[in-house]
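**Student:** Sequential numbering from 278 applies to the sequence shown in this note's numbering.
Worth double-checking, as some hints may not be accurate.
25 Å max Cα-Cα, derived SDA-like pairs, lysine to any residue [as the list claims (entries may be wrong)]:
(1) 349 x 440
(2) 349 x 338
(3) 349 x 295
(4) 349 x 333
(5) 349 x 384
(6) 349 x 310
(7) 349 x 374
(8) 349 x 423
(9) 349 x 387
(10) 349 x 371
Okay, the calculated beta carbon distance ranges per label pair [what the hints assert, rightly or not]:
(11) 311 x 346: 16 to 26 Å
(12) 425 x 382: 23 to 33 Å
(13) 396 x 337: 33 to 43 Å
(14) 285 x 344: 28 to 38 Å
(15) 413 x 311: 38 to 48 Å
(16) 396 x 346: 21 to 31 Å
(17) 440 x 413: 14 to 24 Å
(18) 298 x 330: 34 to 44 Å
(19) 346 x 312: 42 to 52 Å
(20) 316 x 418: 36 to 46 Å
(21) 293 x 326: 23 to 33 Å
No lab work stands behind these hints: they were computed from the structure. The beta-carbon is built from N, C-alpha and C at its ideal position, and this holds for glycine as well.
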Amino acid sequence: MHRVTQIEPPAECGFADWFTGADLVDSYAVCLPEEHPDDMQVIAARALDNPPPWIRLLLFIRDGIMGLVGVKSSSEVRRTRGAQDRIDFFPVLARSANEIILGADDRHLDFRLSLLRRTTERNPILIATTAVHCHNALGRWYLAAIMPFHRLIVRSSLGRASDRRSA
Numbered sequence: 278m279h280r281v282t283q284i285e286p287p288a289e290c291g292f293a294d295w296f297t298g299a300d301l302v303d304s305y306a307v308c309l310p311e312e313h314p315d316d317m318q319v320i321a322a323r324a325l326d327n328p329p330p331w332i333r334l335l336l337f338i339r340d341g342i343m344g345l346v347g348v349k350s351s352s353e354v355r356r357t358r359g360a361q362d363r364i365d366f367f368p369v370l371a372r373s374a375n376e377i378i379l380g381a382d383d384r385h386l387d388f389r390l391s392l393l394r395r396t397t398e399r400n401p402i403l404i405a406t407t408a409v410h411c412h413n414a415l416g417r418w419y420l421a422a423i424m425p426f427h428r429l430i431v432r433s434s435l436g437r438a439s440d441r442r443s444a
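Hey, can you work out the whole structure from these sequences and the hints?
**Tutor:** In structure tokens:
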């Protein structure tokens with residue numbers, strides 16, 4: 278598995294216009310294996326589908342707590358979209374040959390996640406960029422509560438996408 282590093286958000290990200298004024302913008306990158314798939318849907322699924330048990334546990338806790346304040350659970354979101362319109366429970370908003378953008382808008386916050394494949398002279402790089410715009414105190418509280426876990430989950434997900442054994 279390759280090393281995941283934090284980088285500056287890429288200017289070529291499909292929602293770079295979201296960076297200004299965002300409550301969160303971060304990007305992490307990892308080298309993809311030489312034999313990586315060409316399809317961004319497959320790369321995104323490798324990173325996000327079937328998360329390890331510790332991520333599923335965190336999601337279960339998140340769903341329970343946020344359900345108390347009327348926020349949709351990951352299961353509810355998953356049921357509203359067909360398999361081609363989501364990666365795990367994340368709604369797909371846009372696709373191109375080198376990027377898939379996931380996200381949702383809600384009354385407490387709007388978020389976007391880009392998985393962008395950047396071509397280099399060596400192996401391609403997969404960049405995960407997250408941007409969040411909070412609308413109220415609940416959104417800011419939620420963002421503060423998940424931040425330590427967000428970083429771990431993004432790093433783990435990119436690591437899974439770069440794992441040669443899953444190629």
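**Student:** Determine for every hint whether it applies to the structure shown.
**Tutor:** How the hints compare with the structure:
no., hint, verdict
1, 349 x 440, "violated (32 Å)"
2, 349 x 338, "holds (13 Å)"
3, 349 x 295, "holds (23 Å)"
4, 349 x 333, "holds (16 Å)"
5, 349 x 384, "holds (11 Å)"
6, 349 x 310, "violated (36 Å)"
7, 349 x 374, "violated (30 Å)"
8, 349 x 423, "holds (16 Å)"
9, 349 x 387, "holds (13 Å)"
10, 349 x 371, "holds (22 Å)"
11, 311 x 346: 16 to 26 Å, "violated (46 Å)"
12, 425 x 382: 23 to 33 Å, "holds (24 Å)"
13, 396 x 337: 33 to 43 Å, "holds (38 Å)"
14, 285 x 344: 28 to 38 Å, "holds (36 Å)"
15, 413 x 311: 38 to 48 Å, "holds (46 Å)"
16, 396 x 346: 21 to 31 Å, "violated (43 Å)"
17, 440 x 413: 14 to 24 Å, "violated (39 Å)"
18, 298 x 330: 34 to 44 Å, "holds (36 Å)"
19, 346 x 312: 42 to 52 Å, "holds (45 Å)"
20, 316 x 418: 36 to 46 Å, "holds (37 Å)"
21, 293 x 326: 23 to 33 Å, "holds (26 Å)"
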